[in-house]
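Those protein sequence lines, which keep their order, are chains A and B.
Under the numbering used here, the letters of the first sequence match residues 178 to 414, in that order.
Under the numbering used here, the letters of the second sequence match residues 3 to 95, in that order.
By construction, these hints were calculated from the structure, which means they are not laboratory data.
Any given hint might turn out to be false.
Within a straight-line C-alpha distance of at most 27 Å, the following computed BS3-like cross-link-like pairs (lysine-lysine) qualify [claimed, not checked]:
(1) K67(B) x K10(B)
(2) K10(B) x K44(B)
(3) K6(B) x K200(A)
(4) K315(A) x K14(B)
(5) K287(A) x K6(B)
(6) K67(B) x K6(B)
(7) K6(B) x K44(B)
(8) K44(B) x K67(B)
(9) K200(A) x K287(A)
Only a predicted model underlies this, so the values are computations on that prediction, with no experimental measurement involved.
Each chain, written out:
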Amino acid sequence: MPRFGVVVFPGSNCEMDVYEVLKNVMDQPVDYVWHQDRDLSAYDCVILPGGFSYGDYLRVGAIARFSPVMEAVAAYAGRGGLVLGICNGFQILCEAHLLPGALQRNVHLKFRCAWTHLRVENTATPFTGQCAPGQILKVPVNHGEGNYYADPATLQELERNGQVVVRYATAAGEVTAAASPNGSLQNIAGIINRQGNVLGMMPHPERAGEALLGSEDGRFIFASLVDYLTTGRAARV
Amino acid sequence: MQFKAEVKVTLKAGVLDPQGSAVRGALIAMGYNQFSGVRVGKHIEVWMDAVSIEAARAAVTEVGKRLLSNPVLETFTLEIEPAVMPTASGSDA
Chain A
178 MPRFGVVVFP GSNCEMDVYE VLKNVMDQPV DYVWHQDRDL SAYDCVILPG
228 GFSYGDYLRV GAIARFSPVM EAVAAYAGRG GLVLGICNGF QILCEAHLLP
278 GALQRNVHLK FRCAWTHLRV ENTATPFTGQ CAPGQILKVP VNHGEGNYYA
328 DPATLQELER NGQVVVRYAT AAGEVTAAAS PNGSLQNIAG IINRQGNVLG
378 MMPHPERAGE ALLGSEDGRF IFASLVDYLT TGRAARV
Chain B
3 MQFKAEVKVT LKAGVLDPQG SAVRGALIAM GYNQFSGVRV GKHIEVWMDA
53 VSIEAARAAV TEVGKRLLSN PVLETFTLEI EPAVMPTASG SDA
């Protein structure tokens with residue numbers, strides 16, 4: 178059975194929701210990984226959860242990026258291990274250069290806690306394999322700095338390589354400025370690295386894991402991971 | 003030897019600065035019409051030990067790239083001078 182590790186930095190606050198979804202909704206073995214641990218060998222997937230690691234001091238994710246565990250995460254990703262960064266986790270992955278670009282302050286300067294609709298642009302990833310192309314996922318965002326930026330050349334490359342995995346859209350699937358909670362370039366909500374094993378997304382799929390919470394669409398991300406890991410296409414790295 | 007470095011971190015040209023726009027909007031709302039642009043950056047002071055001013059500069063440049071700035075979005079300049087960190091104010095001892 179695949180084993181999930183959820184990293185906890187000082188200031189992380191979404192690790193329990195991720196743990197809850199994996200353990201009680203998806204019924205998977207899951208552990209917390211303290212930011213000073215350096216051994217990820219037990220895990221088939223490592224998740225960097227949301228929150229305010231190190232108080233967002235200096236820049237979001239700037240200090241967490243140098244936590245001891247991140248050396249292990251970089252090596253793990255280098256070997257092809259699956260890494261999912263959610264919200265602050267995405268910010269940390271960008272600071273760590275495991276993903277290109279950066280997350281800036283929301284263009285309207287407000288902290289936005291709201292439902293968004295995500296259009297799935299690439300289903301050929303371990304994180305979206307259970308989705309249909311163009312499927313709409315209703316998932317909430319909760320951030321003040323989710324405005325994705327990359328220079329024009331990098332943006333072009335991301336689009337050309339299919340590295341944009343989810344985009345903010347209307348419920349009907351139209352990618353419009355009004356559908357974006359933060360002003361991200363090209364309405365980018367989540368991207369994957371070139372090798373296809375590291376995904377970062379600003380919305381919180383773990384908060385859309387049960388109907389009681391208002392949406393179960395977040396489950397598709399976790400179900401895709403479980404499916405990918407249990408059909409023998411990945412080996413523990 | 004002890005040095006103080008002043009690091010100025012600014013957004014690269016071409017990177018949107020919503021905070022700067024908001025500050026400019028506030029100036030206009032206050033009745034000032036002559037400010038055509040505002041961009042907000044960071045000023046960081048570091049006190050340090052180094053064998054020479056060149057070594058100090060090299061160290062601050064390195065941490066400037068690794069931690070104090072995000073090279074995707076920002077650039078920085080630095081100034082270094084021999085100085086001792088004040089103890090009565092500005093220290094966290």
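These are the hints, each one checked on the structure:
1. With a CA separation close to 12 Å, the supplied pair K67(B) and K10(B) stays within the 27 Å bound.
2. In summary, the hint linking K10(B) to K44(B) is supported, as the alpha carbons are separated by about 6 Å, within the 27 Å threshold.
3. With a C-alpha separation of about 51 Å, the suggested pair K6(B) and K200(A) falls outside the 27 Å cut-off, and the hint is violated.
4. Straight-line distance between C-alpha atoms of K315(A) and K14(B) comes to about 34 Å, which puts the hinted pair past the 27 Å bound.
5. Proximity of K287(A) to K6(B) is assessed by CA-CA distance (about 36 Å); at most 27 Å being required, the pair is judged violated.
6. A hinted pair counts as satisfied when its Cα atoms are at most 27 Å apart, and K67(B) with K6(B) qualifies at roughly 18 Å.
7. Only pairs whose Cα atoms come within 27 Å are accepted, and K6(B) paired with K44(B) is accepted, the gap being roughly 16 Å.
8. In summary, the hint linking K44(B) to K67(B) is supported, as the alpha carbons are separated by about 14 Å, within the 27 Å threshold.
9. Restraint check for K200(A) and K287(A): not satisfied, since their Cα atoms lie roughly 33 Å apart, outside the 27 Å limit.
Of the hints listed earlier, those the structure fails to meet are numbers 3, 4, 5, 9, in rising order.
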